[in-house]
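> Protein sequence lines, in the order shown, are assigned to chains S and D.
Going by this note's numbering, 125 is the number at position 125 of the first sequence; the sequence numbering is gapless.
Going by this note's numbering, 99 is the number at position 99 of the second sequence; the sequence numbering is gapless.
Do not rely on the hints blindly, as some may be mistaken.
Label pairs and their in silico Cβ distance ranges [stated by the list, open to error]:
| id | chain 1 | residue 1 | chain 2 | residue 2 | range |
| --- | --- | --- | --- | --- | --- |
| 1 | D | SER293 | S | GLY108 | 20 to 26 Å |
| 2 | S | GLY108 | D | PHE24 | 48 to 54 Å |
| 3 | D | PHE24 | S | ASN98 | 54 to 60 Å |
| 4 | S | ARG134 | D | SER275 | 42 to 48 Å |
| 5 | D | LEU176 | S | SER111 | 55 to 61 Å |
| 6 | D | LEU5 | S | MET1 | 33 to 39 Å |
| 7 | S | MET1 | D | SER293 | 31 to 37 Å |
| 8 | D | PHE24 | S | ASN167 | 35 to 41 Å |
Worth flagging that the hints you see were computed from the coordinates, not collected in a lab.
We treat Cβ as the ideally placed atom computed from N, Cα and C, and that holds for glycine.
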Amino acid sequence: MISFSQVYKRYPNGFEALKNVGFTLEAGEMALITGHSGAGKTTLLRLIAAIERPTSGSIIINGQNVSALKSGAIPFLRRNLGLVFQDQKILFDRNVFNNVLLPLQISGFSSRAATGRVRAALDKVGLLGKEKARPITLSGGEQQRLCIARAIVNRPSILIADEPTANLDADYARDIMDMFRSFHQVGVTVFIATHDAELLGSTQQRVFTLDHGELTT
Amino acid sequence: MSAWLSHHFHAFALAIKRLAGAPFGSLLSIGVIGIAFSLPAGIYVMLENLQALSGRFSGAPQLSLFLKLETNQDQVAELESRLKQNPNVASFRFVSRDQAIEQFRQGSELADVLDGLARNPLPDAFVITAKTPSPEALEGLRAELGKLPQVEHVQVDSDWARRLDALLKLGRLAVLMLAALLSFSVVAVAFNIIRLQILTMRDEIEVAKLIGATNRFIRRPFLYFGAIQGIVGGAVAWLIISLAIHLIDEQLEQLMRLYEINFHLYHLSLEDSLSLLLFSAWLGWTGAWISVSNHFRQIEPR
């Protein structure tokens, strides 16, 4: 469950990224958040993962008040979230397998259990045959799949993706969205920021719209 | 527990991998640490050997026991028996006042002056060799014998031993200061190496933080890296000292043979060797720790 109430985010230079944002996304729900660029989509997602803190208001994730979380507790919050970043943040110094392995190493999995999980995650995104490949040799769509595999390998209850279909052509984008839908179908809460209008047309999910930091729908 | 072990194993393996990943750089930094340590540790070994050697050369230092002028034969005999029973006395020799003046007359230009004296001004004396040559033991013996009623004055002939001891103490102080300075440089070396690593691994650290790594998880491989580098550096220092001792010992043996002394250089004891390794590991760890805590604040996810 993700719940925002009266959330404001103001930056030191005076820019107000979010103004009085309030909504609730129940566990197992899937929602899209859309809006022009600079509307505050990314800021909103970053607040969920406690990468940034709100200026005021409360953010509840799975019953935890993130805005009041001590910094020592933040890593454990993030382990329950699957994050797909806008800039991907793939590590190019290691192969596909080791990129996906990283979250499991962080959680302290034994290498045998971790190997099984990594293969399962790669299988879900269709990259099983490329586990030894270097990320630089993957296509744009494959790199995005790699990011998703890394986000789901910990089996998080919430999956958050920032512009996962940016820079992908329509076919790839549809594939990626189908993948998110399949995670939603097995009970994962999915929250995706996008400005891809075509993507919105073909969906029946809840859609939030941000306009200059304010939630309009 | 198994997660904890797995974390530590992972961190250790990662540290080894990073060391092996840049072999040339690792060798250079380990060499720097090793040389920095070999200086104070080497001088320490030298001082220990010097002390052992000084014990060989000095033989047993002596005390001169001057008796009161009015002491008679019976009292001398009594004193003799006391000295025989004293456990700290290795041997002694009686020099009567007649013998003393005779020696003095033969060995000095002042024979004429002595002839002019009305009576013999010299006292009876015992020359005593102590069992233990340490300055403290000699001082104790001096105080003990000085209390005897027939004794006028006790002269300790071990001033040179005391001077050498003071010099050795000074040397140890110098070693400590040198060790402190070079320890600082070892910490600085570890600090900088870890700093460079952190800078080149910025992306990895940032991603790890974003997907739920605790600071401890990220810090651990760096700390292991610093400690391993330190301990290997310590081992290099030990090897340098061993080699030096081996080379010097061969030369020294020939020299000692000329003096008819059978002497071999001591190496660092097992305890000293272990302390050296542990201390160098600790220094590497400390440098890494300072570096990591300084630079982590700069790498917050953006």
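> Measuring from beta carbon to beta carbon, are D/PHE24 and S/ASN167 in 35 to 41 Å?
40 Å, holds
> Between the beta carbons of S/ARG134 and D/SER275, is the distance compatible with 42 to 48 Å?
46 Å, holds
> Look at the Cβ atoms of S/MET1 and D/SER293 and judge whether their distance stays inside 31 to 37 Å.
36 Å, holds
> Does the Cβ pair D/SER293, S/GLY108 satisfy 20 to 26 Å?
With Cβ atoms ~23 Å apart, the hint holds.
> Check the following: the C-beta atoms of D/PHE24 and S/ASN98 are separated by a distance inside 54 to 60 Å.
25 Å, violated
> Just tell me: holds or violated, for the beta carbon distance of S/GLY108 and D/PHE24 against 48 to 54 Å?
For D/PHE24 against S/GLY108, whose Cβ atoms are near 33 Å apart, the range 48 to 54 Å is violated.
> Kindly confirm whether 33 to 39 Å is satisfied by the beta carbon distance between D/LEU5 and S/MET1.
35 Å, holds
> Return holds or violated for the Cβ distance of D/LEU176 and S/SER111 against the range 55 to 61 Å.
With Cβ atoms ~46 Å apart, the hint is violated.
Of the hints listed earlier, those the structure fails to meet are numbers 2, 3 and 5, in rising order.
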